Amino acid sequence: MIKFLRMKPGHGEILLTEGDRRVREEEENLVAEFRRQLDEGMWAAVPVENPGSGRREAQMVHDYSEIPPDAERVIFFPRAAGG
Amino acid sequence: MLLALLVLALMAAILAAPLVARTIAGRRSETSRRRRVPRAAPLSYDPGRERRAEQRARELLRSCVNDEEWAMYRDLGFIRVAGKHRPRGRRATDARDTGARSAGTFHNKLEGPDARNAEPPYAYLIYPHKPILAYVPATAQLLSEYCVEFPDLTGDGATRLPASDDVLAKWMALTSDENRVIGRANMHLVGRQLDPARMRRDLWRLSEWERRRGAPGSVGTRRA
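Protein sequence lines, in the order shown, are assigned to chains A and B. Convert by adding 19 to the 1-based position in the first sequence; the result is the number in our numbering. For the second sequence, position 170 matches number 155 in our numbering, and the numbering has no gaps at all.
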């Protein structure tokens, strides 16, 4: 199971959708939601553990196919802009 | 007779004119009010809601970052992220040199088992809703501040993420694609938004915090 979370002002994170990537209908739903979020201008990142250093870090994903197979969640957040 | 009636009608029209004008103006105003498209009221500031949002954001941050980073944020209010690039040749004064557009000062990424214990040539301090500070851990030299925001423009008015979400967004952006987020930021010398004295004090607090925790192997500020 994988969860799609999104950071939201005034809410913290909200659950966009979740599903089993091995189930076709659920994966189609995940793909559609992923595209919708990117179309809205969000960045998507997956928290991962660096196999070399053992430290946690994030991996930016630009396409649904880039999501690591063992990822449990994808976090969507607004893209960076100069402040 | 006809002339008298005409004069009377004219006088009546003149006397009634202000009343008619007032009625027409009132109807126009009413119509315009009805035609106005009702807009969703922007979220008004609700301290309770913001507090709950921040609580959720803190839990999310805690579940994503390293234990040491979470403790740092909890105790000091900021997170340090090591710069991933290693200097080659000359000394760095701007972490933006790590980008592909630079002349190639930094090229080799700190990766592998050595990365855990190696002191990075530069690092960042991430504060909520403040610029990212770049500095040299070995000398505590302040390099620059990177003004970057993550405004959510798709919502109903509120664009500012909870503080811990802002920190997490910066952490994810820096640890995943440092060049991109630094490239998008507005770079300034330290002092535009960040107080250099406070930054030096924070670096000292960080070094004291690490000394108390006894974390000699962590990437950090030895002489800050």
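For the record, the hints were derived by calculation from the structure and aren't laboratory data. Keep in mind that this is a model prediction, so the values were computed, not measured. Ideal placement from N, C-alpha and C gives every residue a C-beta, glycine not left out. It is possible that part of the hints are untrue.
To be verified - In silico EDC-like pairs for lysine to aspartate or glutamate, Cα to Cα no more than 20 Å straight-line:
no.	chain 1	residue 1	chain 2	residue 2
1	B	LYS69	A	GLU68
2	A	LYS22	A	GLU45
3	B	LYS69	B	ASP162
4	A	LYS22	A	GLU59
5	B	LYS69	B	ASP180
6	A	LYS22	B	ASP60
What the hints assert, rightly or not - Covered, in the sense of this in silico footprint (three residues per stretch, anywhere, with C-beta under 8 Å from a C-beta of chain A), are these stretches of chain B:
no.	segment
7	119 to 126
8	129 to 138
9	142 to 156
10	169 to 180
Handout entry: Hinted pair LYS69/B and ASP162/B, Cα distance within 20 Å
Key = Cα-Cα ~10 Å, so holds.
Practice task
Between the segment 169 to 180 of chain B and chain A, see if three or more residues pass the 8 Å beta-carbon test, and mark the coverage as holds or violated.
Solution key: holds (count 3)
Exercise for the section: Assess, step by step, whether the Cα of LYS22/A is no farther than 20 Å from the Cα of ASP60/B, and give holds or violated. Expected result: Status violated; Cα separation ~30 Å.
Exercise for the section: Count residues of the segment 119 to 126 of chain B with a Cβ under 8 Å from any Cβ of chain A, then say if the count reaches three. Expected result: violated (count 0)
Exercise for the section: Starting from LYS22/A, check that the Cα of GLU59/A is at most 20 Å away, please. Expected result: Roughly 18 Å between the alpha carbons, so the hint for LYS22/A and GLU59/A holds.
Exercise for the section: With a cut-off of 20 Å on the C-alpha distance, tell me whether LYS69/B and GLU68/A pass. Expected result: Holds: LYS69/B and GLU68/A sit about 15 Å apart, inside 20 Å.
Problem - Pair hint outcome, LYS22/A versus GLU45/A [Cα-Cα no greater than 20 Å] - result: At roughly 11 Å apart (the allowed maximum being 20 Å), GLU45/A and LYS22/A satisfy the hint.
Practice task
Compare the distance between the alpha carbons of LYS69/B and ASP180/B with 20 Å, and conclude whether the hinted pair is satisfied.
Solution key: Given that 20 Å is the threshold and the Cα spacing comes to 25 Å, the pair is violated.
Practice task
Given that the segment 142 to 156 of chain B was listed as covered by chain A, double-check it with a C-beta distance under 8 Å for 3 or more residues.
Solution key: holds (count 9)
Exercise for the section: Examine the segment 129 to 138 of chain B: at least three residues should have C-beta closer than 8 Å to a C-beta of chain A. Expected result: Satisfied; 7 residues make the cut.
When each numbered hint is compared with the structure, violations occur for hints 5, 6, 7.
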